[in-house]
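K.L.:
Protein chains in written order, with the numbering used here: chain A, 1 to 321; chain B, 1 to 328.
Hints are not guaranteed to be accurate.
Chain A regions said to be covered by chain B (calculated; three or more residues, Cβ under 8 Å) [as the list claims (entries may be wrong)]:
#1 124–134
#2 137–145
#3 246–258
#4 296–303
Have a look at the derived ranges for each label pair, beta carbon to beta carbon [to be verified]:
#5 VAL130(B) with VAL26(A): 22 to 30 Å
#6 ASN196(B) with ARG192(A): 48 to 56 Å
#7 ALA110(A) with SER215(B): 41 to 49 Å
#8 LEU53(B) with ILE289(A): 53 to 61 Å
#9 VAL162(B) with MET45(A): 50 to 58 Å
#10 ASN196(B) with THR303(A): 34 to 42 Å
#11 GLN202(A) with ASN59(B): 41 to 49 Å
#12 HIS158(B) with ILE289(A): 27 to 35 Å
#13 LYS210(B) with VAL292(A): 39 to 47 Å
#14 HIS158(B) with GLY146(A): 28 to 36 Å
#15 TRP304(B) with ASN51(A): 29 to 37 Å
#16 ILE319(B) with THR41(A): 55 to 63 Å
#17 LYS205(A) with LYS210(B): 20 to 28 Å
It is worth saying that the hints were derived from the structure and are not from the lab.
Keep in mind the model is a prediction, meaning the values are calculated, not measured.
We put the beta carbon where it would ideally sit given N, CA and C, even for glycine.
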Amino acid sequence: MNTLEKRFSFSRLLENRAAFLGILIVLIGLASSIIFKAFFTPINMKSLILNLSTEAIVAIGMMILLISGCFDLSAGSVFGLSGAIAARMMYINHYPVWISVLMGLVTCIAVGAFNGFLIAKIGVNPLIVTLAMMGLVRGLVRIAAGTGLIGFPAAFTNIAGTTLLGLRMPVWYMVVLTILFSYLVSKTVFFRKFYYMGANEQAAKLSGINVVRTRIISFMLMSGLAGLAGIIFSSRIESALSTLGVGMELRSITACVLGGASLAGGQGGVLGAVLGTLFVAVINNLMIIGRVSTYWQKVVTGTILLTAVTLDAVISRQKAD
Amino acid sequence: MTTLENHIEGRFSVGTVIRSIIQNRVLFLILLIVLLSLFAGTTYDTFFTQANLKAVILNIAIDSIVSVGMMILLVSGMFDLTVGSVLGFTGAIAALCLDKLGMHPSLAVLIAVASGVCIGAFNGIIVAKVGVNHLIMGLAMLGVVRGIILLIIGSGIHRLPVEFLNISDGTFLGFRLPIWYMVVIALFFAFMLRKNNFFRRYYYIGGNEKAAAFSGINVPMMRIVSFMISGGLSGIAGVILTAKLAASIPTLGTGLELRSITACILGGASLAGGYGTILGSFLGVLFMGLVNNLMIVSRVAISWQSIVVSGILLIAVTIDALLKKSEQ
Chain A
1 MNTLEKRFSF SRLLENRAAF LGILIVLIGL ASSIIFKAFF TPINMKSLIL NLSTEAIVAI
61 GMMILLISGC FDLSAGSVFG LSGAIAARMM YINHYPVWIS VLMGLVTCIA VGAFNGFLIA
121 KIGVNPLIVT LAMMGLVRGL VRIAAGTGLI GFPAAFTNIA GTTLLGLRMP VWYMVVLTIL
181 FSYLVSKTVF FRKFYYMGAN EQAAKLSGIN VVRTRIISFM LMSGLAGLAG IIFSSRIESA
241 LSTLGVGMEL RSITACVLGG ASLAGGQGGV LGAVLGTLFV AVINNLMIIG RVSTYWQKVV
301 TGTILLTAVT LDAVISRQKA D
Chain B
1 MTTLENHIEG RFSVGTVIRS IIQNRVLFLI LLIVLLSLFA GTTYDTFFTQ ANLKAVILNI
61 AIDSIVSVGM MILLVSGMFD LTVGSVLGFT GAIAALCLDK LGMHPSLAVL IAVASGVCIG
121 AFNGIIVAKV GVNHLIMGLA MLGVVRGIIL LIIGSGIHRL PVEFLNISDG TFLGFRLPIW
181 YMVVIALFFA FMLRKNNFFR RYYYIGGNEK AAAFSGINVP MMRIVSFMIS GGLSGIAGVI
241 LTAKLAASIP TLGTGLELRS ITACILGGAS LAGGYGTILG SFLGVLFMGL VNNLMIVSRV
301 AISWQSIVVS GILLIAVTID ALLKKSEQ
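Bound-form chain A, shown alone (with noise of 0.2 Å):
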């Protein structure tokens, strides 16, 4: 057959993870609506989004360090860090909203450009820095916050309590940044770098990338958008929790990972992280409607992660041999 000819091909579609991620969450979609009657109403679908909301955000600066061949198990606690921080300058110190709210996030980009010095500077393992900071900064958050901080200036809880169109604004937030990086991850020169740090650091920096700079950038731009996530969801919830976050990182990898990204860099896409995010929660959802037991949602959870990774595994197998 000519190549010309063979523009469409299903392969190709499955290949493309994050389109055969929307159709599965349509197909899905549409088999839960017909199972659960309360799955597609208006409630429903609104309060899913919600929730999922910080999360893509945090999924959204996962994605790109995964595309540039690192990952932040940080993330959970950055994700509590910022409204720890901002909440003990409102709350004690009594300082304006908006102060608070920029020093909490001036705190996360500092963490993140900690991480990045260490990792790309210095040249220590992804793995070991970004755990020991886990640790290190969900410290700092129990002593920022106690076991947690209520009671909110309206200027606050607004961030997150607005609406706009009949949708509260986190999801208005995800959807923008959302816009913003899949553009900028896909168009512009500055974000193709990472797939080539990702396909290939060595190849890459003799390219004439600046890989240390570039990857300190990702990691300040992944714990920045951890920490504004964090602040959303505070403003949220209108409390500071010292738990805030906790099991993050992992439940954003996964997301990643199932939108299309690999481990070893070079692969994803922006828009998949999302989609995977969105595919985690309407499984979790319909496991709330249909009334699963709560035990049963990490095994499921874990268990499509599996699944996913090891038909990759197998699928690329399959087409070395």
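Given the coordinates of chain A, work out where chain B should sit on it, guided by the hints.
P.N.:
Below, chain B without anything else, positioned relative to chain A:
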């Protein structure tokens, strides 16, 4: 000037000596442990009591048994993020066998440890045969196993027969049994890693997997075995901990994988593989146990404890990386 060149040319300055000690991780850890103990002993008079020291050794027994398995994996270039969940799982299986099925403790322990080995085998097959990345596999399985624990024991089992509790409560020559289990397991695997041909191959696999495969080593089979060992040792640790706490609770073992990897890295393992000894893993666990004990004795707030432990790990790996860089 690399350290080796300095040695060959007979140049010994304070700098090169210090660098050599830092690079010999075991020596460095021993030095740190001695310094730390001296500091603790002189600052807090409750530290150097027999009761406190025995408590420290008892507390590290669980972690060190798991770290033996983790070190073998790290030597071969992998790690196992499921150890914490497997520990909880095997404890739950043992508790179920004892409480709901009324089995004899020996049989329950056997089944529990066997279940740990089975999970390890599953992990090993997925990683070595199917080809899934061990980090992702570990992340996924740790959630799955933890979920299964919740499914099978709900909020926990708190009624266990006395014969089972003796696994942990019994003493021998003045030391609690878990300490002896730790000593036997550590000595056995230390000897195996050093002298036994089969186990030595893990260093080759960690050093260069392709070369090892080409030289005739059955890498997939050995990887599966290493995961089975890790699962089995986590199983033994799970049984011991459950006996010690006289209960099986679903959160048992959370955070163990991170502590274990930290201890092994402190003890000289490299994430790239090919380095590390059981002695190193034991010293790493001991060091962390001492730091933990010191923080408790000095009434440091819990929030600061995780900061201190993480900080130690960061300093250790940063020094490592800096030394490696300056050698190039």
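K.L.:
Among all the numbered hints in the text so far, which are the ones the structure does not match?
P.N.:
none
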